[in-house]
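S.K.: Here is what each chain is made of, one letter per residue.
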Amino acid sequence: MSQNDPTVRLPLPTDGPLDPPPEWELLRGRCPVATVELPSGDTGTLLTRYDHIKALLSDPRFSRPAPEDDSARIAPEGAGGVSTNSGMSLSLQSNGEGHQRWRRHVGKYFTARRVTALRPGMEEMAETLIDAMVQSGSPADLKAALGFPLPVYVICNLLGAPAEDRDRFSYWSDAFLNVSRYSVAETGAAHEDFVTYMSELIAAKRAEPSEDLISTLIEESRAEGEGLTDLELRDTGMALLVAGHETTANMIGKMVAMLLADRTRWDSLLADPSLIRTAVDEVLRSDANLGGYGVRRYLTEDYEVDGAVLPGGTTVFCGLSAANRDERVFADPDEMDLTRSPNPHLTFGAGAHSCLGQSLARTELQVVLEVLLHKLPSLDLAVPVARLRQIEGLTVGGLREVPVRW
Amino acid sequence: MVTRPAEASVPTDNAADNAAEGTAEGPIQKKGATMKVTVDEDKCCGAGSCVLAAPDVFDQRDEDGIVVLLDAEPAEDQHAAVRDAAAVCPAAAIALSDV
Numbered sequence: 005m006s007q008n009d010p011t012v013r014l015p016l017p018t019d020g021p022l023d024p025p026p027e028w029e030l031l032r033g034r035c036p037v038a039t040v041e042l043p044s045g046d047t048g049t050l051l052t053r054y055d056h057i058k059a060l061l062s063d064p065r066f067s068r069p070a071p072e073d074d075s076a077r078i079a080p081e082g083a084g085g086v087s088t089n090s091g092m093s094l095s096l097q098s099n100g101e102g103h104q105r106w107r108r109h110v111g112k113y114f115t116a117r118r119v120t121a122l123r124p125g126m127e128e129m130a131e132t133l134i135d136a137m138v139q140s141g142s143p144a145d146l147k148a149a150l151g152f153p154l155p156v157y158v159i160c161n162l163l164g165a166p167a168e169d170r171d172r173f174s175y176w177s178d179a180f181l182n183v184s185r186y187s188v189a190e191t192g193a194a195h196e197d198f199v200t201y202m203s204e205l206i207a208a209k210r211a212e213p214s215e216d217l218i219s220t221l222i223e224e225s226r227a228e229g230e231g232l233t234d235l236e237l238r239d240t241g242m243a244l245l246v247a248g249h250e251t252t253a254n255m256i257g258k259m260v261a262m263l264l265a266d267r268t269r270w271d272s273l274l275a276d277p278s279l280i281r282t283a284v285d286e287v288l289r290s291d292a293n294l295g296g297y298g299v300r301r302y303l304t305e306d307y308e309v310d311g312a313v314l315p316g317g318t319t320v321f322c323g324l325s326a327a328n329r330d331e332r333v334f335a336d337p338d339e340m341d342l343t344r345s346p347n348p349h350l351t352f353g354a355g356a357h358s359c360l361g362q363s364l365a366r367t368e369l370q371v372v373l374e375v376l377l378h379k380l381p382s383l384d385l386a387v388p389v390a391r392l393r394q395i396e397g398l399t400v401g402g403l404r405e406v407p408v409r410w
Numbered sequence: 003m004v005t006r007p008a009e010a011s012v013p014t015d016n017a018a019d020n021a022a023e024g025t026a027e028g029p030i031q032k033k034g035a036t037m038k039v040t041v042d043e044d045k046c047c048g049a050g051s052c053v054l055a056a057p058d059v060f061d062q063r064d065e066d067g068i069v070v071l072l073d074a075e076p077a078e079d080q081h082a083a084v085r086d087a088a089a090v091c092p093a094a095a096i097a098l099s100d101v
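Taken in order, these protein sequences are the chains called F and L. Under the working numbering, the residues of the first sequence are numbered 5 to 410, in order. Under the working numbering, the residues of the second sequence are numbered 3 to 101, in order.
Worth flagging that the hints you see were computed from the coordinates, not collected in a lab. All values reported here derive from a predicted model rather than from experimental measurement. Any given hint might turn out to be false.
[To be verified] 20 Å max Cα-Cα, derived EDC-like pairs, lysine to aspartate or glutamate:
| id | chain 1 | residue 1 | chain 2 | residue 2 |
| --- | --- | --- | --- | --- |
| 1 | F | Lys112 | F | Asp266 |
| 2 | F | Lys112 | L | Asp64 |
| 3 | F | Lys112 | L | Asp42 |
| 4 | L | Lys45 | F | Glu101 |
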């Protein structure tokens, strides 16, 4: 345990925009179960070793904090968005049979086969966006030109939401993930607008159904009588819209930055595009900007880890990216090896709550990389790596922009 | 350079075998080596990682995304992909054993 160690404050600082915090290695080695202080002043426990995190995430007894839990707050003064403030939680059941029912109901729209069927559309969209970026001239911000719009189009198509509304989604999504960027009033107002928008979208689908996910979920709920409730439907739409674009948009930008930060990586992919699949997972493993807080678990009962007992009521922060560099599991963990296989990284979590959209995310990242390598082999960063700027004040991490030239 | 995660990271029954057989190019296959695959539907979270890794051996049910085992004793040319699928399964729902 860590009673005698100085308290660690989240988020941990890094030396460079793509670098891992140096504390990760120290924590894994000397203090794998550490007491941490959040921006709110509350304290929790941070895990950084692979085996500890995988075991906790796979434990069916625990899940993310629910509104009734007395969990550690991330954001100060109640400003946190839905993702950080359990008081604004969605209606979706976070554990047990209720969660499994929801998961299997929605999960069927994200199977590998369904996602693979979306591939040609993704390729076409990536080509269109890259053409537009080239048209506007070098240098350009790859995140704004490609990283952000592509996943928005994909998830909007899937859900049946109009992609023209993407700037509003982006704002609502940031508010949803807020720690300190927006005020209490701004976060609350954004949430209300988002709720109204989704309720109206569902009403419109009810009146005029089409082939999309929301229409299908509505139809199933009507027919079987055991589909999702109206509230679950609305919150599912909101959750998928946020989850479907924010993380992937950030990851596209980070992926390109990480691969171009050392030109030999890009060159090896140009020489052998068959490495794209393993390269994408290695990017996911190596990403040190996943967000400063990791994935949370609320302990509803005592839990033993590393020979110590964490009392019930503890909020545990699972440092997925720290675990992805655990030298006990990954050889040369700080080296990006684009051929690494198998690559059982924890970027999508583990267990019953692991990312529902991971096949979709993997496929989007593979498509973007494939099309970029093909269309813009001369792509390069337009600024030195040290001048890339990290996103701050949200639970998700990423780069604010990714300036490139070709 | 190809690296392999340490034995502990491979959540399969034959992790020790993998480590013993493993080389830079993946496991060395003994002539006629057979592999038996089992899946745990209750554990499966429908992420589809196995289908992306080994589409000839795994699929998912249309109605809920749960894993479907297409081939419980895959041919040798599939073994590397199946080991990959087992290792990356987020729910540790795929078990491998030698027959």
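S.K.: Give a verdict on every hint.
M.R.: Verification of the supplied hints:
1. F/Lys112 x F/Asp266: Judged against 20 Å, a Cα distance of about 38 Å means the pair is violated.
2. F/Lys112 x L/Asp64: 6 Å, holds
3. F/Lys112 x L/Asp42: Holds, at roughly 17 Å.
4. L/Lys45 x F/Glu101: Since the Cα atoms of L/Lys45 and F/Glu101 sit roughly 12 Å apart, the hinted pair holds (cutoff 20 Å).
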